[in-house]
Amino acid sequence: MRGPKADCRLFTQTDERLTERVFDPLARKRGITPEMIEAQYAKERREAMKRYEPESFTEGEGSA
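Heads up, the sequence shown is in my numbering, so the first residue is 1 and it goes up one at a time.
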């Protein structure tokens, strides 16, 4: 019987293989570079961080 760590490892390996064998070739064909993907990820992460600043999580909690 497999445990959760083995399942996680299986999904991680599957994702890596799918990316390497399917996504990367399709992206290259369309002119999408790893740098472009990383830049978009960084942009979306910055926008999410602005949207969900730590203050928004503590605001309205009041004193205990």
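By construction, these hints were calculated from the structure, which means they are not laboratory data. Quick reminder that beta carbons are idealized off the backbone N, C-alpha and C, glycines included. Any given hint could turn out to be false.
Have a look at the derived ranges for each label pair, beta carbon to beta carbon [to be verified]:
#, residue 1, residue 2, range
1, 27, 52, 27 to 33 Å
2, 25, 50, 30 to 36 Å
3, 2, 29, 33 to 39 Å
4, 11, 43, 22 to 28 Å
5, 18, 40, 25 to 31 Å
6, 38, 13, 20 to 26 Å
7, 14, 53, 32 to 38 Å
8, 8, 31, 32 to 38 Å
9, 2, 40, 30 to 36 Å
10, 52, 17, 19 to 25 Å
Hint by hint, here is what the structure shows:
no. : hint                : result
1   : 27 x 52: 27 to 33 Å : holds, 28 Å
2   : 25 x 50: 30 to 36 Å : holds, 34 Å
3   : 2 x 29: 33 to 39 Å  : holds, 36 Å
4   : 11 x 43: 22 to 28 Å : holds, 27 Å
5   : 18 x 40: 25 to 31 Å : violated, 19 Å
6   : 38 x 13: 20 to 26 Å : holds, 22 Å
7   : 14 x 53: 32 to 38 Å : holds, 35 Å
8   : 8 x 31: 32 to 38 Å  : holds, 33 Å
9   : 2 x 40: 30 to 36 Å  : holds, 35 Å
10  : 52 x 17: 19 to 25 Å : violated, 32 Å
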